[in-house]
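Protein chains in written order, with my numbering: chain A, 1 to 429; chain B, 1 to 81.
All clues given are correct.
Computed far set for chain A versus chain B, every beta-carbon distance over 10 Å:
#1 W180
#2 F206
#3 A369
#4 K371
Take a look, some chain B residues computed to stay more than 10 Å from chain A by CB distance:
#5 H12
#6 R76
#7 V78
#8 D80
To be clear about the criterion: a stretch of chain A counts as covered by chain B if any three or more of its residues have a C-beta under 8 Å from a C-beta of chain B, and this derived list gives those stretches:
#9 352-366
#10 373-383
Simulated from the structure, these hints should not be mistaken for lab results. Since we're looking at a predicted model, the values are computed, not measured. We put the beta carbon where it would ideally sit given N, CA and C, even for glycine.
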Amino acid sequence: MREHYDVLVVGAGPAGLAAAQAAASHGARVGLLDAQPRAGGQVWRHDVRLPAPRAARQAIAALQGVEVLVRHSVVTVESSALRLETPHGSGLLSFGSLVLATGARELLLPFPGWTLPGVTGAGGLQALVKQGWPVAGKRVVIAGSGPLLLAAADTLRKHGAQVLGIHEQASAAAVRSFAWQLRQWPARAWQAAGLRLRLAGVPYRFGSFVREAVGDDAVRGVEIDTPCGVQHVECDLLAAGYGLVPNTELASLLGCVLDEADTHPHVQVDALLRTSVANIYAAGESCGIGGRVAARIEGAMAGLMAIGDTVAASAWMPQRDRERRFGALLARHFALDPRLRTLADDQTPVCRCEDVRLGALAGFDDARAAKLATRCGMGACQGRICGTVLAELGRFPRGGARPPVFPARLATLAGLATLPSDAYRGSRP
Amino acid sequence: MSAVVRLVVNGHPVEVPAGASVAAAVAHVTLRFRRSVGDAPRAPLCGMGVCFECRVQVDGVAHVRACMTPAGEGMRVVTDA
Chain A
1 MREHYDVLVV GAGPAGLAAA QAAASHGARV GLLDAQPRAG GQVWRHDVRL
51 PAPRAARQAI AALQGVEVLV RHSVVTVESS ALRLETPHGS GLLSFGSLVL
101 ATGARELLLP FPGWTLPGVT GAGGLQALVK QGWPVAGKRV VIAGSGPLLL
151 AAADTLRKHG AQVLGIHEQA SAAAVRSFAW QLRQWPARAW QAAGLRLRLA
201 GVPYRFGSFV REAVGDDAVR GVEIDTPCGV QHVECDLLAA GYGLVPNTEL
251 ASLLGCVLDE ADTHPHVQVD ALLRTSVANI YAAGESCGIG GRVAARIEGA
301 MAGLMAIGDT VAASAWMPQR DRERRFGALL ARHFALDPRL RTLADDQTPV
351 CRCEDVRLGA LAGFDDARAA KLATRCGMGA CQGRICGTVL AELGRFPRGG
401 ARPPVFPARL ATLAGLATLP SDAYRGSRP
Chain B
1 MSAVVRLVVN GHPVEVPAGA SVAAAVAHVT LRFRRSVGDA PRAPLCGMGV
51 CFECRVQVDG VAHVRACMTP AGEGMRVVTD A
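Extracted from the complex, chain A is given alone in its bound form:
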């Protein structure tokens, strides 16, 4: 299968949906790819029991003339083309312009017991529950940082879970200050107020984090560090997420320059969302965590840029700047307590794919040397979890992306014009 699109968009979340719609509205042939079974991304993930939010329904219904290609995973890149894998085959899609809307994943941090079944991310459990994961009657502790904890609690409760408490690591003063600043974004302030109202009765604690999960073959309880001392809570599930991390692997493979000033890199773009590579644009969380509204605006901008409408794209710039300020506000107020980086001990597995414990990594100061000696980061997730953890713990930055972007079948790789190993060799100085 080889097809050509004027514009290809990778990622069908809020940014990708907006990009595809904007590009298609001018008559371009547009393909919108996503590895998941449905469009919507993480924030608008389909819920098997509850109706979708109106904004999500409208965004998906607005996709006139866009070819939506779900369960299509990008495996590697060729010259102006993406090699894809589907559940039953593979293909090559070439493009005139490309929009990267690869979104973000959750920042998941290690603590003793974090590998026990029943310990998930916060957005992670929310995603599982939306797809039918049974939580009715289950006692759930939610922990970590950021507004996503409240959204996760809301979804879990709607599915019948008993949320024992929400433990926000940021201090009460930081969260109060964030809430006060929210008045600059009235729609968000209303949304937050509504959420808090729906969660009335669920304890929302600040300066509070899970230091350990205990259990034998699954989590049975957690030790929570609170401003008033350590508290033990029995539970059936622990959902712990510490914020979001941009997905930059595909951009990196395409040769787009990443901004590495922060702990976790994001795709570097100019004011009109051009990456460092001609005809490749990026929008939304992959350019730094900014939230859903920023993603919608940037998606529209990138889609317009992809079809050469610089004037229409420029008109969005003031709104984009305003929304990006919200992202900066989030990062400032939900900065992580340094103690979270000291919870894992020498016996705590850091690389979950290869069972490499933190103690085994003493003395290494770069990802490649650690990988060669210990297999850390060599497993199926390709260092997405442990590489991000080690960067957050201040050990060493995550190693560079190399093909395939995700593990792929041999049959898919057999169809490549260039073997991934050759492409990788070619990309090295």
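Following the hints, position chain B against chain A.
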């Protein structure tokens, strides 16, 4: 499309809502999705296809991410733990 999907997890019949994931179906039977290289039981962590902790065997195909795979009528799912 019927409102429920019936599949088999480790020999146990399971019924989930249409559109549910294989991960959800497995969770009705066990939380032990896979065994790590050090023989510890593991279950989904990220819920979005990134961590690979939810890998199971689906209709004879190994290493399928349960969280990314829609449950299908008559599917046979086997966990490794």
